[in-house]
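Work the whole structure out from these sequences, hints included.
There are 2 protein chains.
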Amino acid sequence: MTTDMDIALSAELDPIVDIAAGLGLDAKDIIPHGWTKAKVPIDVLDRASETATDGKLILVTAMSPTPAGEGKTTTSIGLADGLNELARSKPEVGKAVLALREPSMGPVFGMKGGAAGGGYAQVVPMEDINLHFTGDFAAIAAANNLAATMLDNHIHFGNDLDVDPRRIHLRRVVDLNDRALRGVVVGLGGLNGGVPREDAFDIVVASEVMAVFCLSTSLADLKERLGRIVLAHSRSREPITVADIGAAGAMTALLRNALAPNLVQSLEHSPAFIHGGPFANIAHGCNSLLATKAGLALGDWVVTEAGFGADLGAEKFLDIKCRTAGIWPSAAVVVATLRALKYHGGVDVKDVNSPDVSAVLEGMSNLELHCRNLREIYGLTPVVCFNRFPTDTDEEMAAAISHLDGLGVAAVESTHWADGGKGAIALADAVVEAAGGAPEDPAASAKYSYELDLPLEEKVRTIAQRIYQAKDVDLPTKVKRKLKQFTEEGYGDAPVCIAKTQYSLSTDGSLRGAPTDHIIEVKDVRLSAGAGFIVVIAGDIMTMPGLPREPSALKIDVTEDGNITGLF
Amino acid sequence: MTTDMDIALSAELDPIVDIAAGLGLDAKDIIPHGWTKAKVPIDVLDRASETATDGKLILVTAMSPTPAGEGKTTTSIGLADGLNELARSKPEVGKAVLALREPSMGPVFGMKGGAAGGGYAQVVPMEDINLHFTGDFAAIAAANNLAATMLDNHIHFGNDLDVDPRRIHLRRVVDLNDRALRGVVVGLGGLNGGVPREDAFDIVVASEVMAVFCLSTSLADLKERLGRIVLAHSRSREPITVADIGAAGAMTALLRNALAPNLVQSLEHSPAFIHGGPFANIAHGCNSLLATKAGLALGDWVVTEAGFGADLGAEKFLDIKCRTAGIWPSAAVVVATLRALKYHGGVDVKDVNSPDVSAVLEGMSNLELHCRNLREIYGLTPVVCFNRFPTDTDEEMAAAISHLDGLGVAAVESTHWADGGKGAIALADAVVEAAGGAPEDPAASAKYSYELDLPLEEKVRTIAQRIYQAKDVDLPTKVKRKLKQFTEEGYGDAPVCIAKTQYSLSTDGSLRGAPTDHIIEVKDVRLSAGAGFIVVIAGDIMTMPGLPREPSALKIDVTEDGNITGLF
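Protein chains in written order, with my numbering: chain A, 1 to 568; chain B, 569 to 1136.
Treat the hints as calculated values from the structure; they're not laboratory data.
All C-beta atoms, glycine included, are put in the ideal place defined by N, C-alpha and C.
It is possible that some hints are incorrect.
[What the hints assert, rightly or not] Below, a sample of chain A positions facing chain B; criterion: calculated Cβ distance under 10 angstroms:
no.	residue
1	Glu127
2	His156
3	Gly189
4	Ala248
5	Lys555
[Unchecked claim] Coverage of chain B stretches by chain A, computed from C-beta distances (three or more under 8 angstroms per stretch; other residues unrestricted):
no.	region
6	601-608
7	712-723
8	750-756
9	811-822
10	1112-1121
11	1124-1131
[Stated by the list, open to error] Taking CB as the label site, the calculated pair distances span:
no.	chain 1	residue 1	chain 2	residue 2	range
12	A	Lys480	B	Glu1118	38 to 46 angstroms
13	A	Ala68	B	Asn760	22 to 30 angstroms
14	A	Leu511	B	Glu1118	48 to 56 angstroms
15	B	Pro1007	A	Asp561	34 to 42 angstroms
16	B	Met569	A	Asp26	32 to 40 angstroms
17	A	Ala21	B	Pro1007	51 to 59 angstroms
Below, the structure written as structure tokens:
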């Protein structure tokens, strides 16, 4: 069987200077990392932004995901390749650029293997992208952990700020799945080991530093945001920030080079900015703002994705990232699969490969709600993309597409996984048409699901009722008290970042389809003062994944001639 | 005052392709990391080695260091620049190349600031070299920590290998000084948090993975060595290796790109391979073997340094690294300062800037012993280099040099810190002369301080008596039992890597000069099966440094236009 890795390794990559040249960048404008990866400096992007007319932004989101996998990254890559393929016959279409998240090494060595697309819709060099890439995550981890050691060092040397060791919020991070670090005690070993306290490690993508990194517009903005991160509270309940312990400058120095977006290419040589990767639950779940802006300045189309389903990823992308940045998409692609429809129609995950037209139609409730939200709440034209799997039947596909036609929702099937950009021409056509109906300056007509001047609690309720179809939200007294405190501390105008299961529109992962009348139970709220949002925790949030019994790391190897194998 | 950083930032760097071209490398032969850093792939080096006549290797070592600092890296850089300066008038001298260690970020944010030379003898871009560089240390940390999480995961999922959680040797690492991680408990938080056990973190440079990385000759050798690392023992006292838990392939994949040596330049454009950086106490303390070999294949001279004084750094460089690699230096530079001589002559560290000829002569005992060891034990011609400080007087300098003249030891003063390569012409001349007396194939006449077929205990005794002038070694029963066990397990032929204080030839850091009749007390021994040596711990070894009360991180910042400040 030909694996993703076989396809990726047999690809002929263009030199990255050629990819950059296609975007109007001079060789000297970029910072090469090898011959097929580069960083594009922020000042180069600033210069390009000043003169360029912004490209059109296309958000790739999805119906509620299933354990079977829908292929959102693969579809994003397929769409960009499809648009560029289309432009070969219709040059007026222009150039499409990708803006994607960097993979975390946790899933690479855990369950998921690589995260750089699949089949003939991949970004390359996939083995580098999946392992270290240009070192951004290592830089983010170092910056985070520098703050942690400086804070503990401050406590060790007398604790002038009166840090309450029971109220430390910043956790150390690694970019691996490491279950044993979920709960730890640090500071043991007597006088020379610092001050003992309970602690925990997170995976780097769950850190606030990662969220800050992805929302920063410049080095100065980065430093300011880092400085605002609340590391701890004092015994008198005063917030203690990164700026208070004097770490913002050194953390910015550690992140200086990393903040420039990374440029690579798809198998079909579409330019791809792959940069940043915050968790889609505890944070906002999309690539860095600078990468998106890079795409907008340098391309005619920017295809970008947001984590999980539209209830989580698209909501945060639109309400947090686009609002922060003053950008707005011209259309939204909703990735769906017949398998996911059958799953949401009640079929067991092990049976989703068997044909079942009625289950396909039964599962439409989920897909329809996501499309309706995008259209009615955000004013975006949705284009449903069925990512074709080998087990899909033509009869099921026809039924699904005709059902959506009946609702006035554009729907296409796409075979980019098997056929690359040529397989995504229909998708590209549909996207061009949908975007053609968008206003000339989409950001001017942006519509959010909630306004920032609502009280924090009302923002959560509004999302729950408008997006999740919930009856109400339930906030324990402790949570209400914390929201009141955040408001008093001046964070009442912040957007909210809801962390809940991705498998359901409710907070119960087993409720498929489009549940109604459910209650969103909020368990905790946390301030991300640097990122500039309030994290609302509705369900169990995993900020440090574990390895499975048979981790993928066991299969990863290096051949005699230096090729990496087993990244599938 | 002009700082090191001011000098480094105002330097005009040559494009790294030009530096590579000066070594006979084609632009396509190197892997650029930005425009002034590159990695040189191992296959390119292998090709070069096959055709090239090896250059001459010059070891830069030192008298016993003092808290005032002697400038060994600065002198190494000055010497390479001096040799290349000399070659301008005498082309037959040929091309000098540096092989140095990468700085750890621990000291950068702790006490030391940068570690890329000083004054007009620096390697650049210093801010990149000091922070992340090309990501090698992050890769080493990830590889190490992957093994750690796979081991804990194995225990969590049933522990088929019967790992004794009290006998786990591998520690997780970070590349920061983090006192609070010196002693920790991991695996807390109940069933989902793994199995609780005591643990500790080390700084990445203290890891065996770092030592393995620096001694490996190829990817295949790296994988084999990684596989041999003993992570733990089972309850029945069987060794459990990286290979046993199936981590060697994935760790090698993580290190694949990192293993290629990094190429940068000095302020005067001398090529510099800066790669790897194991601690000089717990490990062998010199740059990667591949970097040294790169220099030998591509340069006429390779200037390399070994950590701490000649008793530690040079001994391990010669007895471990050179023996492993089949290489040998043509001469050894012993870096000394008048300040260090005064310190070893009994002057308090705060007074070493005051002129004191008799203290200078009094402190000679230390310098002389290091020189004698190099000459009599290893058959190397020492060249003493006085790294001139502004407070040194001509009278002191004349006294020191004339004293060494009287002993037949070549000694020069050198002003590379203030004057760059032009200030090191005398040093370069002396080195060329010393190396001229070395055999054509120095490796063929290598002399070690001990033979590998001696029993492990005798190896330690031999070093102690021959190099440290000790009366004897004292090995507790526990240590003797472990040495016996290592011998039974097949490691009896391994070299020993002694970890002791760098401040004295004895194990008592306060004993200056050249103490005699002292006893080397061995506290513990550890097997580094992957690196291929036995670590002998004679004194307190710090494998996780702490930050000082006012860490240098407080002074590090980034300006509006993106320049890093405060790295001095």
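Outcome of the hint check:
no.	hint	verdict
1	Glu127	holds (8 angstroms)
2	His156	holds (6 angstroms)
3	Gly189	holds (3 angstroms)
4	Ala248	holds (8 angstroms)
5	Lys555	holds (8 angstroms)
6	601-608	holds (count 3)
7	712-723	holds (count 7)
8	750-756	holds (count 7)
9	811-822	holds (count 7)
10	1112-1121	holds (count 5)
11	1124-1131	holds (count 5)
12	Lys480(A) x Glu1118(B): 38 to 46 angstroms	holds (42 angstroms)
13	Ala68(A) x Asn760(B): 22 to 30 angstroms	holds (25 angstroms)
14	Leu511(A) x Glu1118(B): 48 to 56 angstroms	holds (55 angstroms)
15	Pro1007(B) x Asp561(A): 34 to 42 angstroms	holds (37 angstroms)
16	Met569(B) x Asp26(A): 32 to 40 angstroms	holds (38 angstroms)
17	Ala21(A) x Pro1007(B): 51 to 59 angstroms	holds (54 angstroms)
When each numbered hint is compared with the structure, no violation occurs for any of them.
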